[in-house]
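**Student:** Two independent chains are provided; combine them into the complex using the hints.
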Amino acid sequence: SAPPCGCFILQRWVPLIVLLCVSARAVDRSNFKTCEQSAFCKRQRELKPGRSPYRALLDTLELSDSRITLQLINDNNKVRLLLELYRLQGNMTRVKINELKPLKPRYEVPDVLISDPITETLSVVSQDENSLVLSLGGKDQRLIVSAQPFRLDIVEGPQVLVSLNSRGLLAFEHLRARKDTKSELEQATEQENVEQRTDEDGQIKEEEDKPGMWEETFKSHTDSKPNGPSSISLDFSLPGVEHVYGIPEHADTLKLKNTDGSDPYRLYNLDVFQYELHNPMALYGAVPVLISHSTDRTMGIFWLNAAETWVDISSNTAGKVRVISSEAPQTDVRWISESGIIDVFIMLGPKPADVFTQYASLTGTQSFPPLTALAYHQCRWNYNDQEDVKSVDQGFDEHDIPYDFIWLDIEHADGKRYFTWDPSKFPQPKEMLQGLMDKRRKLVAIVDPHIRVDNGYKIHNEILSKNFYVKNKDGGDYEGWCWPGNSGYPDFTNPEMRAWWASKFAYEQYEGSMENQYVWNDMNEPSVFNGPEVTMHKDALHGGWEHRDVHNLYGLYVQKATADGLVERSGGVERPFVLTRAFFAGSQRYGAVWTGDNAAEWGHLKISIPMCLSLGLAGISFCGADVGGFFKHPSAELLVRWYQAGAYQPFFRAHAHIDTPRREPWLFGPENTALIREAIRQRYALLPYWYQLFYNAHRTGYPVVRPLWVEYPNDVATFSIEDEYLIGKDLLVHPVTDEGATAVTAYLPGKGEVWYDVHTFQKHDGEQSLYIPVTMSSIPVFQRGGSIICRKDRVRRSSSCMENDPYTLYAALNSQGSAEGELYIDDFHTFNFEKAKQFVHRHLSFSANTLSSRNLAPDSQFSTASWIEKIVIIGGSQPSSATLKNADDTESALEFEFDSTLAVLTLRKPGVNAAADWTVILR
Amino acid sequence: MTCLHLLLTLVFAVSLGTPVEIQRPRGVPLTKKPFYEENKPFTCLDGSRTIPFDRVNDDYCDCKDGSDEPGTAACPNGSFHCTNAGYRPMFIPSSRINDGICDCCDTTDEYNSGAKCENTCKELGLKERDVLQKMAEITKEGFLLKQQLIEEAKKGREEKQGKVTDMQENKKQLEEKVEALRTVKETAEQPEKEAKERHLKAWEEQKAAIRLEKDKAKMAEAFLELDDNADGFVSVSELQSHAELDPDADGTLTETEVQGLMGGAAQVDTSTFESVWTNIKDKYHSEVSREESQPEEPAPVETPPEEVKEPVVDNDSEPFPEDDISEEEDEDEDDEDDYHEDDDKVRVYITQKTGASINFSDLSFDFGPDAEFTYLYSQCYELTTSEYIYRLCPFNRVSQKPKYGGSETNLGTWGSWSGPENNKYLVMKYEHGTGCWQGPNRSTTVKLTCGKETVVTSTSEPSRCEYLMEFTTPAVCQEPANMDLLPHGHEEL
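Here the protein sequences line up with chains U and L, keeping their order.
Here the first sequence is numbered in this note's numbering, starting from 1 and rising by one per residue.
Here the second sequence is numbered in this note's numbering, starting from 1001 and rising by one per residue.
Same shape as in the complex, but just chain L (with noise of 0.2 Å):
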């Protein structure tokens, strides 16, 4: 005991402030309070060793596990409590108890260092209850929002879908119209092997990525379709009813067989139908293409799809035309002056044939499990900082200007989502944008929060050439938690 006090009077004697009464000891929280029994034995909540129980909070570190210092910074891995009533009781490492920096709204971590700290929790309070309310009103709104995106997005693709046979139609037709405009200029070019063995390359590669969105424009219809129920999942049922499909041809498609072609599972998404489709795009019969026969006015090939409100027009956005292709025509154009003609015709041809493109590419972006962001498609947003307007195109690019006059740099283009595991539609990554001097091609992370507006809300530069970007929509507004989870000051006594 004369050690005991020794330690007191020492601790005491080179304290600041008055030392606060010891209740529960200082810094257990309520749910701990049974293994801190006073006047008995304390064992480390480890279970390493039994101390006295004077030794709690005597401003030297016992237990391996910190468990006997709550309230002291004596142990490196301890934590103190502090129950901030009117605000939420939270956890903080001992290293900052009497560190002379007020964590704890309700001033206990600072009991003895002369910070001079006030009570502010019921002030935090009542600003996160304000705080959560707005939200909760923002989310709610948003979600509405949400809602309609998703039915204006169903209705959206429905329609596109109908184009979709006409469409492939008006490309084959452009197709051999291209091919045709081809044979005649490659005979003419015919000393010219160089560049038309790039144009064919390209040509061949445009062929293949046409191919590819083809297949996948097919594999989206098809889905749509055998989604009988549009819950979004392909189920066994939903594929039994598609004949056609029996692979040993016996005249009845099994359970079982189904079962096979879908790989075991009961039902499939839209991620994982791509197996299943590899299994059946053979046979299957879609009921557009059974319509197929009868004979449609082609749809003009320059206009767009849908015609969206533009917040902001973006006349520059060549929507898909990759740069390397164009310049490489412009490569071209140098050396071959003579068919200059023949080429820009060509050069027309591939533009209307990438525009075409875009009208199945758009079916192969993931818009999102309900295509809630559909909308933002073919739209641009705008911030104007001090300096730079920046310019974000969702599912294509961000860009940025300056304000006063100079060219505009790509930030990078669309590249994926690349939010957390739970989310990815929280982060839109961008990249490949103009190189940097010294330093990697620019590249945007947009970071999506719920809003009832669509704008970008701010722009940095974290570090050189990766710019992050905030972003509210009302597509990523979560169904609102129920009300009654707001706090209602709920503290602990």
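This is chain U alone, in the form it adopts within the complex (with noise of 0.2 Å):
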């Protein structure tokens, strides 16, 4: 919700500030480092591919049933390294590199991991002087090391899947003491020693000190850097790939672009005034983990480092026509980090979803959300007081628009101190709450981690006597500028700050809220409006490690605290509920994301799709973008199109600008109220198939929405497509995104395949490109022949007034007449689903014009007063007789209507409960 640079908030009483704020219109980007401004990247990018000077020391080979090591060293500095690499269940490499003898500790992530990852047996294959040949099981796969140089690759059979300093580009700057801090006398005697070495050896020189190895001044602000150059940099070559994705998040392309000839991709969490589109500069989040894909095989990096990182992607087709070549495809990945080890996760696939589970297997699954987090919610910076949040209830029931949340930005907390209320505008917050209890709905309130220095706040008194914020270079508690003016920044990073800060949202500790109310992290990049990059000092220090190791980090932490918060308030039996704007890779274990500020512009909404589509490739599923563009004002026609598409992205979202005018969705005329309606209707009726698919993404870490590509990964033509997706695999979108659209083009997948539109029912082949005509109220979508979807048709003001509702199975028919689909059900809220084992999983099935839904978990037990009040089978043919089958055998006739132009086949009341055995029979 939050600019850096939100001068008019400040401005009211800190006039100075205004000075240091930029009032372009898109980003500066000159507040943000390029490479060449990154001390470290340049140091890194000015290193050419060539012959790596780090050979392996065979010798040293240490063998155990969980890993092997050996030592490599740099034969330049003679300084050696410790290579430890293990094969770890479910196709997966994992490479750690670190300093044989660190100078210090080098940071390694904690808590990103859900566990050690259980390892097997690596065992060597053979072994001459110059390579080392080990098993990685079936398929014959094997894990080559070869000495001089040093290099990786992983094999199959005669095929090269990846290759680790191939180029030479592995670089690991160790750790060294600084000249300068030396006595005159050492240092005098050090360059001699220097001196002689170099005499003896030729080879061997003394690495010169370079720009910004120990100091390093960006616009105002300098890094003192007390530990000198720490950064690291390894090259990963793909043969036989053109198309690599995932490292989110930036507002870019789904497919990866070349990095050759500008910046790379940076991955360092940052809070970007107004974003750029198309272009690879750092945003709010970082999820180090790059896909590749290719029709043989798709496979992952993952780069576990939390410091600042850039990736370059290079790839020998890029830019190319593709004519007939010699050279086979090849993209060539490399990653620089500024400190920490070398800690990287190859996972082999072969298969999309293996990948996927590879993943989930590090770094857990994407949380389950109660199920009205699905639904729509409303927001604004700011919902004035009580009484605007009232009216804006009011203005949704008399509008018939269904809405689940109404959100209070910054403005609702006294003063910018979160876990208060503004006594004025909010002085009965749970009076507010109650009302929207009474509705059946639900309050999100940030709270950000940013907190007001001021000896009156209770918050700001605790961290203080607990000594729990970060400490700034010389050891003072760190301060900064955010909303509430100068503020500390508490350690997340501490697992006591973070069991404290979770303690703080206990209904008795958070005054005014109760239990329908939820909440939204913002500014944990960290934002620091006075800091580098309006974030945190990289000298500022969190314990005994410096913020440069940490800081992709910091935002998972206080997203996790916080999710840890409102599991606990309820005593460990409700599900939370937690937007951030900042992750890293493990955040989809706690709640939701978002896009940050961007735009009321066309473009924004397009970008809206690669964005989230990254980011589930990247296991964080729960994705949306702010419907209708932060800053700015939408045109009625964008805001409709944006709540059209909004309606079929994982989180759905409307949100706006302070200094926007009001966009409740009847502000817009009868005609856009109607169309916005609609779309969010349609959000509704389809809540239990997001619902099951949430938790079969909680069960698998498949991502909900999808490209192509990996629903259909040996179609070449889906591999760059990014204006539609799939939700789930029965589900694809095409959203329309462009102004005055009277068309879209939609590729439809899957050769033999067919494809319904959803809306109408026409049937339309796959495996080609189709234009339909548009007007305004079109929302493209098409459901795959040989799926059943599970609808509830009965949409109402909020998803938990249609808790116990009947559903509405679609049985769209593949060309062979049959399809599948699930449906789950449980409490909505709860964790009982995990723990007690109660949820209703069923698995229906139409072939032989036979329809039955089988219990797909029957150790679990739940019952639900929902039932089957309707089945349509699009696609099927005439059937004379339909007759129900129940679970105790008794039978009765259905009465049905048949459309035969476009061969809808509607079974009238089935009326069996939805956790019932039963079959329909068609004759």
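A hint or two may mislead.
Cut-off 27 Å, straight-line C-alpha distance, at most; resulting in silico cross-link-like pairs (DSS-like, lysine-lysine) [stated by the list, open to error]: (1) U:K632 x U:K425; (2) U:K390 x L:K1116; (3) L:K1134 x U:K390; (4) L:K1177 x L:K1193.
If you're looking for bench data, these hints aren't it; they were derived computationally from the structure.
**Tutor:** Shown next, in the form of structure tokens:
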């Protein structure tokens, strides 16, 4: 919600701040570093591919059940590294490289892996003086260690899957003592030694200090770098690969671009004011996961490092017209991080689903949100007061538009003191929350991690007394400017601090809060208005570690601590819902993310699709963009189109900047109100499907929304598509994202498959580009032939009101006349589905004119009031009779209607309970 | 029947409450009861199909118009009727049946959801009657006050019109003086061409504005004069008495000729009079102008035409001089130090002049169909909130001043009436206030409601820099409806 440059808020009482602010329309790029301006990136990028100075010392090989280790030596400076290789369960290889004897420990990212990955035996197949061949098990997969120059290759039979350091870009800046801190005598002695060494062996050279190794200044900020240079880099070559994806968050295309000649993709959580589209600049979150895909194989590289990271992509086919060439396609990827160690997981697939499973086994799966969180959210910076909240709530009922959540941004708190309420605007928060609860609706109030430095503020005083604030380089409490003015930043890397933070969400601690109130963590990059690149100084201290080491992890910890708090306040019963702006690998376990402060522009609407698809590939399914665009005022057309697109994205929230005119759905005339109402209603009807997909995402790690290639991995035509996507595998959505559009062209994949327009039931063949004329009411959505989707067509004013409503089954038949699907039901808000196995999971299948519902989880138990009110069979033929057979073998005839022009059969009111076994036989 | 039995069993099996006896059937209003005849096939109200009666309210939507399920949530477009005995009956969307939320005060919408609803109709009815009664009292008193306001406005206007001519004369003199001074000034200012041109331009604009205002004032005068019976309309017969308007100058002004002048209308009101005025203004002889020759003491310009008791003394409000004029002069001041004095004089005259123009312009304001809003003119009303003091000066401007020091912000100057089509006098719009950072210029919408007092009752900023003010005044009170129309706990049986 919050740009780093909320001048006008601050200017009311801090006129000086205005001077720091930029009133530029788009991002002020000069506020953010290019690779050239980031000393380590510049140093690393100057290193060009070539023969690696690293050599593996095969005689240092140590082999145990779980890993092998051996030393590497840099022949230029004789610094030794320790290489660890692991074969992990589920077809993964882990490669760790650290200094053998670092001057002080280097940071290894904690709390991201859900547990120590389970290892499998790595056995030596063969060894000679220059190489070591290890078996990775099944399908003759081998890991080959070449000694000089050092490189690693993972092969399957004759095929190389991935090579590490094949371009010689392994570079490990070892920790060293600062020269000018040594006494002059020492320095002189060392100087002699170096000279002597050089004399003895011409090849060894003492590395010279390069600019920015010991201090770096960007704009007015100086990074003191007491530990000197510490960056790391490694290259990966992917033969046969032309398409790589992932490494969110960037406002860029789904398929990653070649970065030769431009900046690398940057991963450094930043609060970017009015971000630009189509460039590799860093944004609010970072997930260092890259997915490669070709018709042969899908793989992933997970670079577990939380420091500032840059990723170079270089493809030998990029920009070339494909002519028959002897050169096989290959994509080279190079990772550069400022500190920490090399700890990389190579996920070997081979199918997209395997990669998702592999990554989920490392960092966990999407948290299973309460159903209500998947419904529609109404947000604005700010709903001014209780009256405003009440009247917006009433507005939805007056216009018969469903919504579940109303949100309060920073103005709700008393002087931006989070966990409090503005006494004049929100004097009776419980009364307001009760009013919403009476309508079975909820509220989200923002809680940001910057804490107003104010000795009249309880939260601040407690953090101060517990010494929980992040420290500056000199050991004092770190302070920076944010919304409240001068602010402290709690050290969320400290588990004690997190436990304390979580305890603050207890109802008796957070005054005025109630169980229908949830939380939003914004500004958790962290955003520091007067800090370097609008974030925290890298030499700030988190206990013994520098901010440099933990930066990208900070936001994850904030969301984790908050989510823990919500679970705790309910005694461990309720599933939490927390939205975060900053994130890292593993953030999927704690809630939802959104794409930050976008703008009311068509380009931003368009980019929301690849941005969320990229996040989904990197494990974070619960993603959305501010509907309508945060900055600026959308035209009615843009707003309607955004609602139509947003209704089919996982996190569906409208949001607006405080300076924009009001834009509740009914403020754009009755026609637009009707269009928006219809889009939101479509969302609510489809909630059972979304819920089931989130349940599956939670169990398996499969993304909820997917690029087409995930389900059609052999269809090259799908590899670059980013204007349409699949929800699960059964719905294909091609939102209208162009102004004045009169048609869209959607690609329907799958040779021999059929797709049905969900609104008209019109049938289309797969593997074709379909021209679809559109009007303002069109949302092109297609159901895959062969699928059964459950909907709740009785849309009510909130999802909670629909919990016990009956289901309608939409069975879309494939060309073989069959279809299948799932139905998942539980209490929609507690952990009982997990803890007490209280849920219903059904498999629905239609074949040979028989539709049946089978229990997928016989050991689970849950009774639901929901029943099956209607079955719609699309693409079938007219039967002469339809018989419902119950679990107790009783039979009854079902009435039906058949639309022969569209071949749609509607079975009237089977009436069976949704949890029951039943069969419908058509004759 | 097996099917139905099964359904009933199922529906009741999952129900949380006890089924309520269905009458009429459930959710059908009395007026529609004849369409739902028990044990006879039911035809959807849109006529689209006919179904057995046991499919009415069987929790499955058979009719496209939703008419077969008035008492269940099965149809997406259905509606449910609650009788609400003791209060007023209403329809709710079917989707609100058994959704766990009490919508009907008689609880009938939640017969199967487990929601614990209490019948609040009696309470609501009493409360509503109470509110309506109070409102009726306010309306009654407010309407009486309004009549007084109309009377006062009428008197005030008549007085003012008497002075109009004097003003005009006075203004003419002033203009001459200004002209003379300006000539002196311009001669002195020869090198300062640019500045001069700016002044000239402003001057021309002023003149044009004055001309327009004069014409408008004349038109208003003429209208009032012509409107002999003061019914707010100028009719054919009223116009016919002005023989000088005879278009063909044959000495007789026929009815047809008058109709021609009036564009075919039998009568015109103030707003449509404008077109008539264009036709007649060249020939029209005002009764007042006929008496113009009689010399009269010129009214002192500095004195406002009417001194009203002001709840707030509006010291800093300059009625009309536009900010940009004074700003320009400020700029000029910087480069024209030598002619400071002259400038000051000119400014004084310009101020006087514009001060004079107000006397005409207030006639050109739309003070409502019966000029009932006239009394608001040149007054200001304040409301103090926790942070700010808001001030509404009707027909002039809205402003906001921090309570604890700080400069005033203009939240908009008078724009127009912008209420709904049936009564535009319910909303005032003030526009073009101080600009917002990265946002629009501030503006304020003032909603007027009937009240005995003239008070600003609330202010808010629903959207950044778009303010909303609620304002009560007797001037919007409507003639009270017959008290008999108040509900007497009328209920459907």
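**Student:** Now, for every hint given, state plainly whether the structure supports it.
**Tutor:** Cross-check of the supplied hints:
1. The straight-line distance between the Cα atoms of K632 (chain U) and K425 (chain U) is roughly 25 Å, inside the 27 Å bound, and the hint therefore holds.
2. Restraint check for K390 (chain U) and K1116 (chain L): the C-alpha separation of about 22 Å stays at or below 27 Å, so the hint holds.
3. For the proposed pair K1134 (chain L) and K390 (chain U), the alpha carbon gap of about 25 Å is at most 27 Å, so the pair holds.
4. Simply put, K1177 (chain L) and K1193 (chain L) have alpha-carbon atoms about 22 Å apart, close enough for the 27 Å limit, and the pair holds.
The structure agrees with every numbered hint stated previously.
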